[in-house]
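Asks: Per this note's numbering, the sequence shown starts with residue 1, numbered consecutively.
In short, the hints are calculated from the structure, not lab data. Note that beta-carbon positions come from the ideal geometry of N, C-alpha and C, so glycine has one too. Don't take every hint at face value.
[As the list claims (entries may be wrong)] Under the rule of at most 35 Å between Cα atoms (straight-line distance), these lysine-lysine pairs were calculated in the DSBU-like manner:
#, residue 1, residue 2
1, K109, K365
2, K419, K222
3, K109, K419
4, K274, K228
5, K222, K278
6, K113, K175
7, K179, K222
8, K419, K318
9, K47, K214
10, K214, K278
11, K179, K318
12, K333, K47
13, K274, K222
14, K47, K175
15, K228, K214
[As the list claims (entries may be wrong)] For each label pair, taking beta carbons as the anchor points, the in silico distance ranges come out as:
#, residue 1, residue 2, range
16, S309, V130, 23 to 33 Å
17, T91, I119, 37 to 47 Å
18, T248, A404, 42 to 52 Å
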Amino acid sequence: MNNRQLQEFHNQTAGNVAIIFALTAAMLFGLVGGAVDYGRWLSARSKTLHAMDAAVLAAGRVLQLNGSNEAQALAAAQQYYQQNKSNLLDTDNIAFSVKDGEIVLSLSKSSVKTPFLAIIGIPSLPVNNVSRAILAAGGNAGSDVEIALMLDITGSMCGSSPWTCESASKLDDMKTAAKDLVEIVVWQDQSEFTSKVALVPFSEHVNLGQTYFKAVTGRTAKGGSSDKTCVRERSNENRYTGFAPDSTNGYFDRYTSSDPCRPSTTVMPLTSNKTLLKSHIDSFTAKGGTAGHLGTQFAWYMLDPAWGSVWGNSSTGKSYSAISQSNESGQPKLYKIAVLMTDGEFNTEYSGNSSATQAREFCSKMKDKGIIVYTVGFAIGSSGGAYNTMLDCATSSEHFYNAADGQQLRMAFRDIALKISTLRLAQ
Numbered sequence: 001m002n003n004r005q006l007q008e009f010h011n012q013t014a015g016n017v018a019i020i021f022a023l024t025a026a027m028l029f030g031l032v033g034g035a036v037d038y039g040r041w042l043s044a045r046s047k048t049l050h051a052m053d054a055a056v057l058a059a060g061r062v063l064q065l066n067g068s069n070e071a072q073a074l075a076a077a078q079q080y081y082q083q084n085k086s087n088l089l090d091t092d093n094i095a096f097s098v099k100d101g102e103i104v105l106s107l108s109k110s111s112v113k114t115p116f117l118a119i120i121g122i123p124s125l126p127v128n129n130v131s132r133a134i135l136a137a138g139g140n141a142g143s144d145v146e147i148a149l150m151l152d153i154t155g156s157m158c159g160s161s162p163w164t165c166e167s168a169s170k171l172d173d174m175k176t177a178a179k180d181l182v183e184i185v186v187w188q189d190q191s192e193f194t195s196k197v198a199l200v201p202f203s204e205h206v207n208l209g210q211t212y213f214k215a216v217t218g219r220t221a222k223g224g225s226s227d228k229t230c231v232r233e234r235s236n237e238n239r240y241t242g243f244a245p246d247s248t249n250g251y252f253d254r255y256t257s258s259d260p261c262r263p264s265t266t267v268m269p270l271t272s273n274k275t276l277l278k279s280h281i282d283s284f285t286a287k288g289g290t291a292g293h294l295g296t297q298f299a300w301y302m303l304d305p306a307w308g309s310v311w312g313n314s315s316t317g318k319s320y321s322a323i324s325q326s327n328e329s330g331q332p333k334l335y336k337i338a339v340l341m342t343d344g345e346f347n348t349e350y351s352g353n354s355s356a357t358q359a360r361e362f363c364s365k366m367k368d369k370g371i372i373v374y375t376v377g378f379a380i381g382s383s384g385g386a387y388n389t390m391l392d393c394a395t396s397s398e399h400f401y402n403a404a405d406g407q408q409l410r411m412a413f414r415d416i417a418l419k420i421s422t423l424r425l426a427q
């Protein structure tokens, strides 16, 4: 090869190297720039999703606490989203909606500018996210919930006069608190997982009403109305068992006085009918002494599957075995919960040990079965019989609430309700 050919080859090689170098540089620039754009998109997408999650949870909480007020829920969602969204978004198209009064949906169709990728015809990347908040038991889906709500409607719940309720009585505070709990814990769609509440109002007795009186006492009620359908303890060897009453296990003693039984309000077995539950709570009137052990044991019986023969199929508690079985989220398939509320010491019994001693025994039996027991004292002070009974009955000290006034009572019931029926995210 002569000098001229060598020079031409050299020039050609140098040109090729320059082209390769330019292409390589362009590729490196594109890769580095693309990585920068991708990093910005990834950050925006992650932060946007977190903002959406916070927004739908906030909206879901509004639905729980404010009676399914969708306008307030959507306003809360927008507020939380704006506070937490990414500042990298070029376009920000976010939409919130509420489905069936208990599911909050969020859909984002936004984008992030890509100055480097724009060189190769990609001016932006989409940030498309979906977020949902759903009411679920115990913080996870896949669990059924059964709650027995024992409510004190003794004379002291009327205020200073045990005979005529004052206009702003403790009874009114209790009704509001109980209805709040029902509103929160009973979700709308019961097709897959159920949440049910039973009501056990008590004073000197527990009133079963015409529907359940004979099954529990073995006797027909006299008078044809609920004023003769109160019961006392089961005064035999099965006093502290969960066995359903019958000729073998023994029946409960019935109220035999010529006076109307107290309370006049009857029990209500497990149901998911919120309207019916809240209407029944509104019907409560207060009068009589405090046989708290009767309220405690019937709260247990509302949850015990053995009592299905008394309450009927639709109100029968599920098997205890589901409490120890796990769902896909690793949580129990079933929560059985008793909420016991009183404003005074248990001081009325008809046989056996004191009312407080019997109540403690029933609480122990419930906890042994896997039932979670929350207790709420209402203006009971910070010591004494009522305080100690409520503290001992609770699953733990964290399950005991001591409310000094109506506001604290409502807060206690709401706190219990939100622990029972918390929100979860479902992407």
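Asks: Each hint should be assessed against the structure and marked as holding or not.
Replies: Cross-check of the supplied hints:
Note on K109 and K365: the hinted pairing is violated, with a Cα-Cα distance of about 54 Å set against a maximum of 35 Å. The hinted pair formed by K419 and K222 fails the criterion: a straight-line CA distance of about 43 Å is larger than 35 Å. Between the alpha carbons of K109 and K419 the distance comes to roughly 34 Å, so the proposed pair stays at or under 35 Å and holds. In summary, the hint linking K274 to K228 is supported, as the alpha carbons are separated by about 28 Å, within the 35 Å threshold.
Our distance criterion of 35 Å between C-alpha atoms is met by K222 and K278, whose separation comes to about 29 Å. For the given pair, K113 sits about 55 Å from K175 by alpha-carbon distance, which is inconsistent with the 35 Å threshold. Simply put, K179 and K222 have alpha-carbon atoms about 32 Å apart, close enough for the 35 Å limit, and the pair holds. Between K419 and K318 the alpha-carbon distance is near 21 Å, which keeps this suggested pair within the 35 Å criterion.
Distance hint between K47 and K214 is unfulfilled; the C-alpha atoms sit about 62 Å from each other, more than 35 Å. For the given pair, K214 sits about 26 Å from K278 by alpha-carbon distance, which is consistent with the 35 Å threshold. Between K179 and K318, the direct Cα distance comes to roughly 24 Å. Compliance with the 35 Å bound is thereby established for this hinted pair. Pair hint K333 plus K47 holds up; C-alpha atoms about 33 Å apart against a cutoff of 35 Å.
Restraint check: the Cα-Cα separation between K274 and K222 comes to about 31 Å, which is no more than 35 Å; the hinted pair holds. Taking the CA atoms of K47 and K175, the gap is about 42 Å. The hint is violated against a cut of 35 Å. Using a Cα cut-off of 35 Å, the hinted pair K228 and K214 holds, with the two alpha carbons roughly 11 Å apart. Roughly 47 Å separates the CB atoms of S309 and V130, a value that falls outside the hinted 23 to 33 Å.
Taking the beta carbon of each, T91 and I119 are about 20 Å apart, not inside 37 to 47 Å as hinted. Remark: the range hint 42 to 52 Å for T248 to A404 is upheld by a beta-carbon distance near 47 Å.
Figure legend: structure checked against the earlier numbered hints; hints not met, in rising order: 1, 2, 6, 9, 14, 16 and 17.
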